[in-house]
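**Q** Chain residues, written in single-letter form:
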Amino acid sequence: MMENRLSHEQIADQVRQMIAEQMEINEHELTPEVKIFETLGMDSLDAIDLAIACKRKFGLELKESDMREVRTLADIYSMVQKGYDNKTATH
Amino acid sequence: MRTPRRVVVTGIGVVTPLGSTYEAFKAALFEGESGVRYHKEWQEASYGLKTRLAATVNDFDCGEIPRVHRRSMSRVAMLAYRATCDAIAHAGLTLSDLQNENTSICYGSTIGGPSVLEEYFAEAEMVKSYIEAANSTTFLRMMPHTAAANLAIALGIPGPIHATCTACAASTQAIGYGYEAIRQGKVDRVIAGGSEEMHRGIPAIFEVLGATSIKFNDTPDASPRPFDEKRDGIVAGEGAGTLILEEYEAARARGAHIYGELVGYYTNNSSSHMTNPAVDSLVRCIEAALRAADLTPAEVEYVNAHATGTDVGDAAESHALMKVFGGRIKVSSTKGHLGHLMGAAGVVETVASLAMLEHKMLLPTRNLEHPSANCAAIDYVMRNEHVPELKYIVKNSFAFGGINATLILKGI
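Heads up: the sequence lines are chains A and B, in that order. Position 77 of the first sequence, counted from 1, bears residue number 77 in my numbering, the numbering being contiguous throughout. For any residue, its number in my numbering is found by taking its place in the second sequence, counting from 1, and adding 1000.
Accuracy of the hints is not assured; some may be wrong.
[Unchecked claim] With a straight-line cut-off of 30 Å between C-alpha atoms, the simulated DSS-like cross-links for lysine-lysine are:
| id | chain 1 | residue 1 | chain 2 | residue 2 |
| --- | --- | --- | --- | --- |
| 1 | B | Lys1128 | A | Lys87 |
| 2 | A | Lys63 | B | Lys1128 |
| 3 | A | Lys87 | A | Lys55 |
| 4 | A | Lys35 | A | Lys63 |
| 5 | B | Lys1128 | A | Lys57 |
| 6 | B | Lys1040 | B | Lys1230 |
[What the hints assert, rightly or not] Partner residues are not named here, just some residues of chain B that face chain A (Cβ under 10 Å, in silico):
| id | residue |
| --- | --- |
| 7 | Arg1067 |
| 8 | Val1068 |
| 9 | Arg1071 |
| 10 | Ser1072 |
| 11 | Glu1132 |
| 12 | Ala1134 |
| 13 | Asn1135 |
| 14 | Ser1136 |
| 15 | Thr1137 |
| 16 | Leu1140 |
Calculated directly from the structure, the hints in this document are not laboratory data. We put the CB at the ideal spot given by N, CA and C, even for glycine.
Could you put together the complete structure from these sequences and hints?
**A** This is the structure:
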């Protein structure tokens, strides 16, 4: 199990790719400090689709309340990384 | 009592198997072209269908749509969007002219986005989860009012939406609602029309009922054959059409080009059978539309029929026309050129009728060679016919569910 574990950097890379594809934005523009709602124009539907994508990719059940706390890409990365760590720790 | 307001058509947008501008569409119609095509891919994956014919819009380019709007659109909404943007430009209007609550959207389709419906339920069955099969826009892309709602959101129009989903009469009812709304002073402008995306389920449903053409797979442009003795059913099609309807005085004041006036509308239902047309209810519908327009049958030169090429439907409509107008009435169906565009049929055929009024030229029924013995002896238009006195056109649309709808158009 441990050898398949994703590093935080790998998770951030994958989440960045998912957002780039979903929002049709060049990955190079997606720096950690970018504000996802104000700058990227994400809305509630996009947040739901991102949560769905995270579930498919990482098997994570992200809570709507968690999503509402998110401001920047870095916030999303750490939310997913935290969820992933919790999930893999219990296995 | 206040005089009811007059309603005119000031803009036209079409995306059809015969061309995707008003000018190209008109040219193809007057040249007698056919939009019906053989679909090789239906041979390879027939899904049980016997027909290989459909009137599809090939090389459809919707143009640029921002992602935030595109994510909730399936093909039916994209066709509608393209036709509507073209109609607005054609009318010489800008979006800011329409972004107010005095503009309504009346827009129809048969079942919204059938491809998305199919994908969603097939995926749900596969993964055994209605949750996992969906994303945030699944419903928005398949819902019956997807075309109308996407137009409102993408174009930023806050006025009332009326989404008609009455199958083959959907866009005729949409135009009718729009006409009534302006006439009664509820709004000043209406974006009216309908859209349909091709899905094999539609010809299949007609095929089950014995109403899809299956004998002309080797000669696609020889079907459908409305009113003809060899007719064997519909050829399903796709497309979209949008009319900009405006209150007459306002249209004139802004110097708009007027393509025609709507002077009457009526809709009823047969209350007798889901699929079999009832001649007496068709007669009542047409006669009520004439009364609404304050016209006698003798004042109408021509009827653009619903006639789809089915045995029962064409016969019933011809007998209804005979009863209302007598044998002198000139009649044709544009479905011989276009196939049956379902939710878009009524509006695209209304556009064809406006073109006939504009050029004082009647179009024949393509593929009508020998009027059928079970159709009434009315004056079937057999070739392009110049009618200098052409002033009024009656446009019929009928649909499963017993729905009848009749519009009356007047040339300017």
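**Q** Each hint: holds or not?
**A** Now for the hints, and whether the structure bears them out:
no.: 1; hint: B:Lys1128 to A:Lys87; result: 24 Å, holds
no.: 2; hint: A:Lys63 to B:Lys1128; result: 23 Å, holds
no.: 3; hint: A:Lys87 to A:Lys55; result: 12 Å, holds
no.: 4; hint: A:Lys35 to A:Lys63; result: 20 Å, holds
no.: 5; hint: B:Lys1128 to A:Lys57; result: 18 Å, holds
no.: 6; hint: B:Lys1040 to B:Lys1230; result: 24 Å, holds
no.: 7; hint: Arg1067; result: 5 Å, holds
no.: 8; hint: Val1068; result: 7 Å, holds
no.: 9; hint: Arg1071; result: 7 Å, holds
no.: 10; hint: Ser1072; result: 8 Å, holds
no.: 11; hint: Glu1132; result: 8 Å, holds
no.: 12; hint: Ala1134; result: 8 Å, holds
no.: 13; hint: Asn1135; result: 5 Å, holds
no.: 14; hint: Ser1136; result: 4 Å, holds
no.: 15; hint: Thr1137; result: 6 Å, holds
no.: 16; hint: Leu1140; result: 8 Å, holds
Consistency with the previously given hints is maintained throughout, with no hint failing.
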